[in-house]
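Its first residue numbered 0, the sequence shown is counted upward by one per residue in numbering that gives the first Met the number 0.
In short, the hints are calculated from the structure, not lab data. Honestly, I wouldn't trust all of these hints.
DSS-like cross-link-like pairs, simulated, lysine-lysine; straight-line CA separation at most 25 angstroms [what the hints assert, rightly or not]:
1. Lys101 with Lys139
2. Lys138 with Lys244
3. Lys233 with Lys45
4. Lys319 with Lys279
5. Lys343 with Lys360
6. Lys138 with Lys45
Across the chosen pairs, the derived CB separations fall in these ranges [unchecked claim]:
7. Asp350 with Lys138: 50 to 56 angstroms
8. Ser347 with Glu293: 31 to 37 angstroms
9. Val261 with Arg309: 43 to 49 angstroms
10. Val269 with Arg328: 56 to 62 angstroms
11. Val310 with Gln65: 44 to 50 angstroms
12. Ser347 with Asn151: 47 to 53 angstroms
13. Thr262 with Arg202: 32 to 38 angstroms
14. Arg367 with Val261: 33 to 39 angstroms
15. His229 with Val310: 36 to 42 angstroms
16. Ser347 with Arg367: 20 to 26 angstroms
17. Thr304 with Arg272: 29 to 35 angstroms
18. Asn151 with Glu9: 17 to 23 angstroms
Ideal placement from N, C-alpha and C gives every residue a C-beta, glycine not left out.
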Amino acid sequence: MIQKTDNNREICMVESTHQLEKCISAAGCETEIAVDLEADSLHHYKDRVCLVQVSTSECDWIVDPQADMDLSSFWRLLESPEILHIFHDADFDIRSLDRDFKIRVRNIFDTKIAAELLGWRQLGLSSILNSLLGVRLSKKFQKYSWSRRPLNPDAVVYAAMDTRYLSAIKAHFLVELTRMNRMSWAQEEFRYLETYRWRPSRRERLTYWNVTGVGSLRPRQMELMRRLWHIREKEARRRDVPVFKVFSDRDMLGIAAEGFEVTCLEDLLVRWRIPPRLEKPVRRAVTAAATIPENQCPAPPAELTVGEPRVNTARFQELKIARDDAASRLGLDPGVIAGNRTLKAIASLPDPESATFSRLKRVIPLRRWQADLLNIS
């Protein structure tokens, strides 16, 4: 499928091996390509990559990884160190490509990171495009179900807009980074992006222990919480919907907290809006949790029980002053140089006098430019 936008630029929907080979041939002649992807976490139990957009100097390509075709040559294009891959906010995209396809993108330029290093405060692609090029992006398809087929033609145009102008943004930022002597900072950040790998989210690691307010529950309430969590996960997986479309964390926590306090469980289920299909499983969960011995109730996972390292307060304040002074001098948000969590991690290391950059970078993801601004030798 080929569409043309109002400036007569082609958008090609890639759904066959023949189309893909044409895309790769065209992109392979370029020194740089712009890349983005669309996922579908708002509509499915598991997040997954639904589209990969690629823009060259001549055309926009929308590659459908759900189509029946061999994508191996396309993945090699994204992994090629010979081609510059331009993203905006590459973090999620790089981790998602690793998760779904084991793709390790090389040679990256991230326009969001460039904007941060130049002191921009509004970092969204739409805001940057409007400021630099006077282009306004539609928000119509922000919550679109990208796994749907066939795709709405207007949604295809929307997806293409996320990469069409990235090369122009990159060119502007490249000049500014060079002018302000910050290109070496950006290069360090881009090389670090290449190391990003997918790992389970905090929610996936901690399950029901990640719910806000769960620490206030008593042992049997926590057992009920555990059972409610698994009921919700099973139902979300069965229906292939996000868990919040089954019932919310707030509802789950409310039932766990009040399940043993009410005289009429039916009223509780109505108040917390439990779907009719799940009423029986929830009743069984309340009954079972009420009888379990407290010594068999869930214990917090190790990730929550390991105490925070002792922070050298004087060292933390010293680092914070250096960071804030540098941020003020350079017109940067202090968090771009280093967040407080990073500063505390540095200040919690033993023997601060010997905490040189070469030693710090082994345990803390610190780049040389950051260390220089923090007065770390």
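Name the hints, by number, that the structure is in violation of. 1, 4, 14
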